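**Q** Residue numbers in the sequence shown follow the working numbering, run continuously in steps of one, and reach 284 at the last position.
Simulated from the structure, these hints should not be mistaken for lab results.
Values in this document were obtained by computation on a predicted structure and should not be read as measured data.
Each hint can be trusted.
The following label-pair restraints were derived from C-beta to C-beta distances:
| id | residue 1 | residue 2 | range |
| --- | --- | --- | --- |
| 1 | E284 | A159 | 44 to 54 Å |
| 2 | E273 | K253 | 24 to 34 Å |
| 3 | Q259 | R208 | 20 to 30 Å |
| 4 | R135 | R215 | 18 to 28 Å |
| 5 | V92 | E269 | 51 to 61 Å |
| 6 | A90 | S246 | 39 to 49 Å |
| 7 | E284 | K106 | 50 to 60 Å |
| 8 | F88 | E273 | 56 to 66 Å |
| 9 | D153 | K106 | 15 to 25 Å |
| 10 | P126 | I276 | 40 to 50 Å |
| 11 | D235 | A159 | 28 to 38 Å |
| 12 | K160 | R215 | 30 to 40 Å |
| 13 | L179 | N254 | 31 to 41 Å |
| 14 | R238 | R215 | 13 to 23 Å |
Just so you know, even glycine gets a beta-carbon here, dropped at the ideal spot from N, CA and C.
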Amino acid sequence: MRFDPAALRPFRTGAIVLLGLLGAGIALRPLEAPAWTEVRAKQPALRLDSLKDALGQGVTVGLLGGFRAIVADLFWIRTNALWEKYDLPGTQTSIKLVTAIDPRPLYFWLNGSRMIAYDMPNWRIDKAGGYDVVPDAAKRRFDEEQSSIAIKFLEGALGFHPENPLLVLEIGNIHLNRLKDVETASRYYLRASRHPDAPYYAARIYAELLRRLDRKRDAYDFLKSLHPTLPKNDEMAQARVVLDRIRELEGELSIPEDARYRE
Numbered sequence: 022m023r024f025d026p027a028a029l030r031p032f033r034t035g036a037i038v039l040l041g042l043l044g045a046g047i048a049l050r051p052l053e054a055p056a057w058t059e060v061r062a063k064q065p066a067l068r069l070d071s072l073k074d075a076l077g078q079g080v081t082v083g084l085l086g087g088f089r090a091i092v093a094d095l096f097w098i099r100t101n102a103l104w105e106k107y108d109l110p111g112t113q114t115s116i117k118l119v120t121a122i123d124p125r126p127l128y129f130w131l132n133g134s135r136m137i138a139y140d141m142p143n144w145r146i147d148k149a150g151g152y153d154v155v156p157d158a159a160k161r162r163f164d165e166e167q168s169s170i171a172i173k174f175l176e177g178a179l180g181f182h183p184e185n186p187l188l189v190l191e192i193g194n195i196h197l198n199r200l201k202d203v204e205t206a207s208r209y210y211l212r213a214s215r216h217p218d219a220p221y222y223a224a225r226i227y228a229e230l231l232r233r234l235d236r237k238r239d240a241y242d243f244l245k246s247l248h249p250t251l252p253k254n255d256e257m258a259q260a261r262v263v264l265d266r267i268r269e270l271e272g273e274l275s276i277p278e279d280a281r282y283r284e
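Go ahead and model the full structure; you've got the sequences and the hints to work with.
**A** Right, dumping it as structure tokens:
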């Protein structure tokens, strides 16, 4: 058989490309280290104590590097799998692990706290025999214990997202909906409403909680100061609703006509 030199042409081309890539890699290596250092410097510090608590042993943090978001997403999928099995200790540990790996997404903090505060008390009641069997005192204890864990978890979130109104509101919601503590909830709603990025509803709910606490005069004064700050053409601001509530309170408080709020 006669040898054809042209048959080697594809191999020569491949070898040239491979050598080119290898040369580029060697040439770029001095630039890679500082670039990688800069990327890692922009990442929030990992919570090593939380990782050790969650895993029961140390981890090689450097291996995560810029892949923290991907790793956290994968662990969140695992968290949901544990949640679907009503695995309380596993879910709770996995939630903490996810936020230890990547504390930046609010989604992890908010949904993790809801699992802890709203789902887990029900799991404990079911495990103890169900709603018809478990005494009210035990149900209350389950609510208080899980709410305390969720609130502490959210307070940890505020260390990464200082005074974020959604996190503050979530703490208020737990006090209101799980612990039935309207007074404490109102303070969190007020705190959230003062943030420049707070959703408009935070202030409206704060005023409603004042009414529930029979502090109608405080609610009236608050709404009067709130209304002029609301954009009239923004549906989310609900300026008309706020004005209607002012009028309702004027009737309930018997405010004289000449002393009523003027737009």
